[in-house]
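Asks: Following the hints, put chains U and S in place on chain A, whose structure we already have.
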Amino acid sequence: MNQAVSLPDADRFFEIRFESIGGLGAHAAGQVLASAAVLRMGLNGAHFSSYGSEKKGSLVRSYLRLGLADRPIRTSAPVETPDAIVVFHAALLRNPATFGGLRAGGTLIYNAPKASVPEELAALPSPARVIRVDALAIATKEQSRPNAVLLGTLCGAFPFLDSAQVLDALSEEFAGRHPEAVAANESAFRRGAAEFETLAGVGRAEGDLPIARTEPAWGYETQPIGGIIPEPGNTVWNDLSASRTGSLPVFNRERCIHCGLCDLVCPDFCLAWERGEEGGRFERELMGVDYRYCKGCLRCVESCPASAMTKKAETPGLADRLCVPLFPDLIA
Amino acid sequence: MAREMMLSGCAAAAQAAKLAQVEVICSYPIRPYSAIMMELAKMVANGELDAEFVHGEGEHAQLSVVLGAAAAGARALTGSSGVGVTYAFETYSPIAGGRIPLQMMIADRALDPPGDFGSEHTDAMSCRDQGWLMGWAETPQEMFDNCLINYRVGEDHRVLLPQFVCQDGYFVSHIPGKVTLPDQSQVDEFLPPYDLPHPLDPKRPVSHGPQIRPDQGTVMDMQRAQAMLDVPAVIKEAIDDYNRIFGRNISPFIEEYMTDDAEIAFFIMGAHTMTARHAVNHLRSQGVKIGLVKLRFVRPWPTQEVAEALSKFKAVGVVETSTSYGGAMRGGNLLHEVRASLYEVAQRPLTTSFMAGLGGEMVPLKDFYYMADILSKAVKDGKTKKTVYWVGFEAED
Amino acid sequence: MAVAVRTQNLPPIKLIRNVPKEEYYVPGHRTCAGCGPALQYKLVAKAAGPNTIFLGPTGCMYVANASYLCTPYTVPWMHTQITNGGAVASGIEAAYKVLLRKGKRTGELPNIIVMAGDGGTVDIGLQAMSAMMYRAHDVLFICYDNEAYTNTGIQTSPTTPYGANTTFTPPGSAIPEGKTLFPKDPPQLVIGGHPAVKYVATASIAYPVDLINKVRKALNVQGPTFLHIHCPCPKGWKFDEAKTVEIARLAIETGMWNMYEWEDGVYRYQFRPKKYKHVREYMKLQGRFAHLTEAHIAKQQAFVDAKLKVHGIPVEVPVPAPRTQQ
Chain A
1 MNQAVSLPDA DRFFEIRFES IGGLGAHAAG QVLASAAVLR MGLNGAHFSS
51 YGSEKKGSLV RSYLRLGLAD RPIRTSAPVE TPDAIVVFHA ALLRNPATFG
101 GLRAGGTLIY NAPKASVPEE LAALPSPARV IRVDALAIAT KEQSRPNAVL
151 LGTLCGAFPF LDSAQVLDAL SEEFAGRHPE AVAANESAFR RGAAEFETLA
201 GVGRAEGDLP IARTEPAWGY ETQPIGGIIP EPGNTVWNDL SASRTGSLPV
251 FNRERCIHCG LCDLVCPDFC LAWERGEEGG RFERELMGVD YRYCKGCLRC
301 VESCPASAMT KKAETPGLAD RLCVPLFPDL IA
Chain U
1001 MAREMMLSGC AAAAQAAKLA QVEVICSYPI RPYSAIMMEL AKMVANGELD
1051 AEFVHGEGEH AQLSVVLGAA AAGARALTGS SGVGVTYAFE TYSPIAGGRI
1101 PLQMMIADRA LDPPGDFGSE HTDAMSCRDQ GWLMGWAETP QEMFDNCLIN
1151 YRVGEDHRVL LPQFVCQDGY FVSHIPGKVT LPDQSQVDEF LPPYDLPHPL
1201 DPKRPVSHGP QIRPDQGTVM DMQRAQAMLD VPAVIKEAID DYNRIFGRNI
1251 SPFIEEYMTD DAEIAFFIMG AHTMTARHAV NHLRSQGVKI GLVKLRFVRP
1301 WPTQEVAEAL SKFKAVGVVE TSTSYGGAMR GGNLLHEVRA SLYEVAQRPL
1351 TTSFMAGLGG EMVPLKDFYY MADILSKAVK DGKTKKTVYW VGFEAED
Chain S
2001 MAVAVRTQNL PPIKLIRNVP KEEYYVPGHR TCAGCGPALQ YKLVAKAAGP
2051 NTIFLGPTGC MYVANASYLC TPYTVPWMHT QITNGGAVAS GIEAAYKVLL
2101 RKGKRTGELP NIIVMAGDGG TVDIGLQAMS AMMYRAHDVL FICYDNEAYT
2151 NTGIQTSPTT PYGANTTFTP PGSAIPEGKT LFPKDPPQLV IGGHPAVKYV
2201 ATASIAYPVD LINKVRKALN VQGPTFLHIH CPCPKGWKFD EAKTVEIARL
2251 AIETGMWNMY EWEDGVYRYQ FRPKKYKHVR EYMKLQGRFA HLTEAHIAKQ
2301 QAFVDAKLKV HGIPVEVPVP APRTQQ
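Residue numbers (the working numbering), protein chains in the order written: chain A, 1 to 332; chain U, 1001 to 1397; chain S, 2001 to 2326.
Note that these hints are calculated values from the structure, not bench results.
Please note that the accuracy of each hint is not assured.
Claimed, not checked - Some, not all, of what chain A presents toward chain U, calculated at C-beta under 8 Å:
1. Ile211
2. Thr214
3. Pro216
4. Ala217
5. Trp218
6. Gly219
7. Tyr220
8. Gln223
9. Ile225
10. Gly226
11. Gly227
12. Ile228
13. Pro230
14. Pro232
Even glycine gets a Cβ: it sits at the ideal position worked out from N, Cα and C.
Excised from the complex, chain A in its bound form (with noise of 0.2 Å):
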């Protein structure tokens, strides 16, 4: 057993929390994080996540709290105050829940290409400390995946975590059922340490972030009864964009033959049609896609017989610019 590390203030837990999505490894890294904080560095140590059903695009937080060794640590309630954020996919960043509670002090690190500076980052505290790695495209490269980078992202901004005991927990984890995997996290780990850039003047709120708690839509006297729903197909005001992983279809009308096929393997009804024009060769014609619902499958590119359809890597604002629009009178 190492030397116990110490933590940055002795007095109290030191508190992380991730925000992702499923299927990009969070609950994983908060695992090998707090086994490695309890196993390794003479820590106390808790973990645990909150998510719905076990699917691929289903918000997913994970919690950490970390005390000294002497400090039990007796709550499992989520983490409000963290000292720290991971936001393991950028589009979550819309979501102001997503910066809930971050203490004035505290350090955000999210995953985004270079130059990558949303606006929404004004919302967080002037004071704190805004790091920036492009985890995806390190995972990439290194054939890993993003929650080995910014694991070595957060040792990396924490020094008191020991990350050489960090790695050996990530590549614990890995040896028994992927030991191929092991030398890739590896080396994403340590371009995660390296490789992140920390930006001044992001932040333009005063003091410490206010907690984001969901509250019930309805109280108990204006709950439709028995728990239904009487605004049948309300699903479209979901904003499924986040759920992307990285790619999505991108629509090229000249090369259209408007014969429909993307729209019977797409699961999710994104594509916006239009009455042909008035004489024209087709009947029906493809505007485009809605990209508030596409999650990135793919399949329409798969099936597109004329190409109309091809695969690009997402960047920052070009689902907004190419979107069109499936419920323009719904949704603004």
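Replies: Same frame as chain A, now just chains U and S:
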């Protein structure tokens, strides 16, 4: 034209269903409740009742079928006994939480093991936390009344809850008693047509039962709790109307018998109440100051009414025909709710539990005399010797 | 007792151009990217039209669709337990029969469609499904088969193929193939044992026009009908979500999935390959089979051969020389 008939509890319930013009019935055979289904099958076959009679493949299916039917907008009825009641257990909360007011007639039967046709209340009592209305009948006439009253209360838009309408197997379900059957027009005045606020109808689409997050769950639970709080007022209204229209004198939650200057009393529900009344008559003639309080509704439990009624006495014997192994005081569960009701009363009576009628055994008069004796002794001693007596098993006290 | 006679007759479609344009299953639901069952749901809803009531037994098409106070169905929909989709649908149908008869509702008997997963059809839901078929209710029972209990994190179900890796059938040194049991055959369970059933068919998301037509045919038939729809699941079967349709096609081309209709005792087959591909072509694209050896794959092929024989389909699979044991 009202007419009198000699009907068993099951037959009386069938007549009530017919007058309520039930629209979908789902059957599955298990004794002793099956008798109601045999009656209803005949009515449907003869064209006396225009309803869909669906042969469920099991009790779980029975409840599922009537759930669908009631959600679609039809008045629906099913029933069961014993392990059939517990086999359907998964469905009870979804039905109550979905606020679908269908009716289940339970003719009690002891739970396995082993097979026993005798009546115990445990089958229905095991389900009392699921959010349904629940109550017992003492006689076939009461069974008839309770079926109609429960439809009216359950379907009221302030309530919208399903109902367990219970009767002791054999003692009430199969022994005929006098039942006055009213006119259809009287029943129509009492019971409006089934009208669910959000039925499954393509003309007005809604979604029933989506997944929720835990924070939304608390709200739903609160709503269900609030609905139960609103039920007693609706019960009172309904029974007032029932008494007026049918010329009766039913008291909504409890009924007091010879309690005027009573020092000791039985607290009891279901079939054995009849015998208890005879016992009270006899003991009174011998100078014992004894009375009886009968419970109609187990859910919602009438806390206030029970407390007020029982606080008059010096000692109360809670007669229980259901088991709750490992529960506080190692007896049944009625005593728990009685003591909870009396907790805040300044002048509390002594209370003790009498386990009687288990397995479906008769509770003879001498057992009631034995219980009365124990209560009298308790008053003299100023305390009960035991919290629970298993009647017939105890050595001389 | 007069039975409500269905006069609705949904017309079959011949070309993609004729596919109905209205959607009754709108976007925004939280299924995985590339979800096979979601696609079939969309197509079924299109085929059925607005006079429809869906039942959703617990499963992916419940939890992923109707979650957190929103639902994608613009027709009436009700959740049922995973155990009782068939029973609840029976009750709705019975209610509509009596309500129409009494004049409390007007119009056509609505399409009543149970959307059950494989577990809700032939495992925990088998009893209710069979009883509904037996009682002759005018209901369409659809089994969307993604070959596992996927909503709960991928566990084996009775339709999971032999050799599949699921969290309840993980391969290990003691049990190298993972799943050792061969799957149930849902349409065969229904055919022949339920006298009231007149139409049973299999379909696949690989052939959407065919799927829509089979749904319409099943809805037009008076009485209980059964559709078994193959819906590859990218997360459960571990393949790239863009390949869902390709995998569905390969299933048919290897005989792992057979496309047919059974109507009044007569079988009609669709999309029967002239030459079947070896099952290896299908299995090698899916992570759930990655651990299998040649011996296991041979067992799978033998199972498929036997199944095709039962259907009287001559099997001409080019049998390559076995590779060395892995």
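Asks: All hints, please: hold or fail.
Replies: Evaluation of the provided hints:
For the restraint placing Ile211(A) at the interface with chain U, the shortest Cβ-Cβ distance is roughly 14 Å, beyond the 8 Å limit, so the hint is violated. A hinted interface residue such as Thr214(A) counts as satisfied when its beta carbon comes closer than 8 Å to some beta carbon of chain U; here the least separation is about 5 Å, so the hint holds. Of the supplied interface hints, the one on Pro216(A) holds, with its beta-carbon coming within about 5 Å of a beta-carbon of chain U, less than 8 Å. Restraint check, Ala217(A) versus chain U: the minimum CB separation of about 7 Å is within 8 Å; hint holds.
Below 8 Å, beta-carbon pairs count as interface contacts, and Trp218(A) has one with chain U at about 6 Å; its hint therefore holds. Below 8 Å, beta-carbon pairs count as interface contacts, and Gly219(A) has one with chain U at about 6 Å; its hint therefore holds. Contact between Tyr220(A) and chain U, as hinted, is supported at the beta carbon level, the nearest pair being about 4 Å apart and thus within 8 Å. Satisfaction of the interface hint for Gln223(A) is found here, the shortest Cβ-Cβ separation to chain U being roughly 5 Å, below the 8 Å cut-off.
Given hint, Ile225(A) at the interface with chain U, holds; its Cβ is 5 Å from that chain's nearest Cβ, closer than 8 Å. Evaluation of the Gly226(A) hint against chain U yields a held restraint, the C-beta minimum of about 4 Å falling below 8 Å. With a least beta-carbon distance of about 5 Å to chain U, the hint placing Gly227(A) at the interface is held under the 8 Å criterion. Against a cut-off of 8 Å between C-beta atoms, the interface hint on Ile228(A) holds, since the closest Cβ of chain U lies about 5 Å away.
Annotation: interface hint on Pro230(A) holds; nearest CB of chain U at approximately 5 Å, less than 8 Å. Proximity of Pro232(A) to chain U holds as hinted, the smallest CB-CB distance being about 4 Å (cut-off 8 Å).
Hint compliance for this structure: hint 1 alone is broken.
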